[in-house]
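Please dock the two separately framed chains into a single complex, following the hints provided.
Chain by chain, the residues:
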Amino acid sequence: MGATYWWMLFGMALVTYLPRMIPLTFLDGRKLPPFVTGVLGNIPYAVLGALIFPAIFYVQEGNILFGVIGAVSAFGIALLGFGLMPVVLGTIGILAVYSLFL
Amino acid sequence: MHQSEFSKGLRAGLSIGIGYFPVALTFGLLAKTGGLSLLEATAMSIFVFAGAAQYISLSLLAHAVDPFMIVVNTFIVNIRHFLMSASLNEKMHTAPKPVKAAVAFGVTDETFSVIATSKEDKVTSARAFGVIAVAYGSWVGFTAAGHLIGDILPPFLQAAMSIALYALFVALLVPSMKGSRKIVLLAAASAILSCIFYYTELLSTGWSILVSTLIAAIVIELLYVKTGRSPVPPLEKEGI
Numbered sequence: 072m073g074a075t076y077w078w079m080l081f082g083m084a085l086v087t088y089l090p091r092m093i094p095l096t097f098l099d100g101r102k103l104p105p106f107v108t109g110v111l112g113n114i115p116y117a118v119l120g121a122l123i124f125p126a127i128f129y130v131q132e133g134n135i136l137f138g139v140i141g142a143v144s145a146f147g148i149a150l151l152g153f154g155l156m157p158v159v160l161g162t163i164g165i166l167a168v169y170s171l172f173l
Numbered sequence: 152m153h154q155s156e157f158s159k160g161l162r163a164g165l166s167i168g169i170g171y172f173p174v175a176l177t178f179g180l181l182a183k184t185g186g187l188s189l190l191e192a193t194a195m196s197i198f199v200f201a202g203a204a205q206y207i208s209l210s211l212l213a214h215a216v217d218p219f220m221i222v223v224n225t226f227i228v229n230i231r232h233f234l235m236s237a238s239l240n241e242k243m244h245t246a247p248k249p250v251k252a253a254v255a256f257g258v259t260d261e262t263f264s265v266i267a268t269s270k271e272d273k274v275t276s277a278r279a280f281g282v283i284a285v286a287y288g289s290w291v292g293f294t295a296a297g298h299l300i301g302d303i304l305p306p307f308l309q310a311a312m313s314i315a316l317y318a319l320f321v322a323l324l325v326p327s328m329k330g331s332r333k334i335v336l337l338a339a340a341s342a343i344l345s346c347i348f349y350y351t352e353l354l355s356t357g358w359s360i361l362v363s364t365l366i367a368a369i370v371i372e373l374l375y376v377k378t379g380r381s382p383v384p385p386l387e388k389e390g391i
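Residue numbers (our numbering), protein chains in the order written: chain A, 72 to 173; chain B, 152 to 391.
If we strip away everything but chain B, and leave its shape as in the complex, we get (with noise of 0.2 angstroms):
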């Protein structure tokens, strides 16, 4: 049962697996290029976990930020786990808090996507368990290799798969656009705010993305509720 229940989530895991090819061995090469030796590269992706945010860490390691303040920007990155993490709970059947606080490692965007959109009403923690190794494998595996190898691959590859995360980002950022036009205002705000930041060189790259992020979070999700068009339902007295 716990066996084919792993299995299972290894199957449901692959295509993150894949997917995480050209990013890992991106980042393992990038980390590289940026200075940081192969344990250094490898232990990130062993500890952190995080795919956008180890790219930034690593522009932000380019530019000399103070290390305090890529963790504080890791910490905003990732602060959207929180609910992502409340939300499987919902979706996950209970097990004992030791075992929860273990899948909680593995919950990235990818990862979650995945559990939280499978049929089944409820997934066991063994399910969970198979799409983290296979997500988790592919990410700290191909980290060493792009770090080995990854300068084996011509030089074109390597610019182009420089894309790689972004394209990710497009990836998933551009289905659910399709189907809510608050997503879209959403994306279309943080853009353009982050943008303005970078052009007009007001705020560091950082800083730039927790702020974007929140003013835009904050202001659409107030006109939401404001016009009554929000699908959440109206503030309570205890709310806020």
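One chain only, chain A, in its complex shape (with noise of 0.2 angstroms):
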């Protein structure tokens, strides 16, 4: 990788951080626009929407069914009312039992 991947990490630090410092350190009291802050509220749904799918169904290359069965396993266990710790163990041990007796 060399020199370009400090450079890379450089910039994804530097882009990561300034989005979390500004608004604690600066923006003390200031409003944004009500339409701004609806949208920017949406966005971490939006953005959990578009990283889960499709990518979940092809978190091993070549198998499907592997993904289908962690997409449904992770939803499944969440919709039981279950916190993050069940449905992150409870879809590995899922997918796991999966994986032994394939």
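A few of these clues could be false.
[Said to hold, decoys possible] Quick list of simulated restraints, FRET-style, between CB atoms:
#, chain 1, residue 1, chain 2, residue 2, range
1, A, Leu-89, B, Lys-273, 38 to 48 angstroms
2, A, Glu-132, B, Ser-155, 22 to 32 angstroms
3, B, Glu-352, A, Leu-89, 43 to 53 angstroms
4, A, Gly-147, B, Gly-330, 10 to 20 angstroms
5, B, Asp-302, A, Ile-93, 37 to 47 angstroms
6, B, Glu-271, A, Phe-97, 48 to 58 angstroms
7, B, Glu-271, A, Val-143, 36 to 46 angstroms
[Claimed, not checked] Chain A stretches covered by chain B per the calculated footprint, using a threshold of three residues with CB under 8 angstroms from any CB of chain B:
#, segment
8, 80 to 87
9, 113 to 122
Because the hints were derived from the structure by calculation, they are not lab data. These figures come from a predicted structure and were not determined experimentally. By construction, the Cβ of each residue, glycine as well, lies at the ideal position given by its N, Cα and C atoms.
Shown next as structure tokens:
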């Protein structure tokens, strides 16, 4: 990778830190327009939708069934009302059993 | 006082620390598989500290995407923290700018959720540092561990753990979907757009996530503002 990798890392660190730092440090007391606030508020959920689909189906190359089982397990456990940990560990557990007996 | 606030934070952050274990371990392992050295992989967790963006950068590196585009993509994926940081500002006691700037480094989806939902009206910086310390320690430590010993794990477990990040996303999304039709629409719209861009090969992964997210977030906000169903107040003259 070499120097290019470290320049990329520096850039990634900077563009990750600035959006975290600017509001907490400098925007004390200032208000954004309501529409902008609304759109920004929507972004976490929209990001999650785009990140999960379709990528979750292709977690294991050439084996879509693996991804589908993972997706169904994760949504199933989450819909039952379990928290972050049981969903993550439960899905890993189900796929481990599936991989073991494949 | 400060010390006890810090330990309260440590305890509150424990669930994140445990939750990051498989995700960071898998990241270290995948980074190694992708050809990154132990130093390169661990440095990314030390300096960037952003799960989704780091995973996506691995996948983009594997597809030989231009490093500049990886930085742009990182910005796009992490821009959501701008709002979380703004919201966190309301939740936290005032503190000197350098202290706030240090807390800001540790704002992730998970640390934000834990700090912003604590029962107290206002949270001290010491408490926030406690939550962040556990999360960050786990993230960096298990990245290195994943790179060093990840391939000692049996292949079936390695394969299973590759789902961890997506299971984490699902676990973050589903409880919010239950309470809000708007959130269901947002996630569904961006997921459908992202699938369309993927299967038509119109956009690369980085741009697909950006465009899907922005279209869904803006169009659904317009829809809610126009139909008056938005929990957000109507547009003011100076807005937009």
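How the hints compare with the structure:
1. A:Leu-89 <-> B:Lys-273: 38 to 48 angstroms: Roughly 25 angstroms apart at Cβ, these two residues miss the hinted range, so it is violated.
2. A:Glu-132 <-> B:Ser-155: 22 to 32 angstroms: violated (49 angstroms)
3. B:Glu-352 <-> A:Leu-89: 43 to 53 angstroms: Between Glu-352 of chain B and Leu-89 of chain A, where Cβ atoms are some 32 angstroms apart, the hint is violated.
4. A:Gly-147 <-> B:Gly-330: 10 to 20 angstroms: The hinted range 10 to 20 angstroms holds for Gly-147 of chain A and Gly-330 of chain B, with Cβ atoms some 19 angstroms apart.
5. B:Asp-302 <-> A:Ile-93: 37 to 47 angstroms: holds (40 angstroms)
6. B:Glu-271 <-> A:Phe-97: 48 to 58 angstroms: violated (24 angstroms)
7. B:Glu-271 <-> A:Val-143: 36 to 46 angstroms: Since Glu-271 of chain B and Val-143 of chain A have Cβ atoms about 38 angstroms apart, the given range 36 to 46 angstroms holds.
8. 80 to 87: Held - the segment 80 to 87 of chain A has 7 residues with a Cβ nearer than 8 angstroms to chain B, which meets the minimum of three.
9. 113 to 122: Held - the segment 113 to 122 of chain A has 10 residues with a Cβ nearer than 8 angstroms to chain B, which meets the minimum of three.
Checked against the numbered hints above, the structure breaks hints 1, 2, 3, 6 and satisfies the rest.
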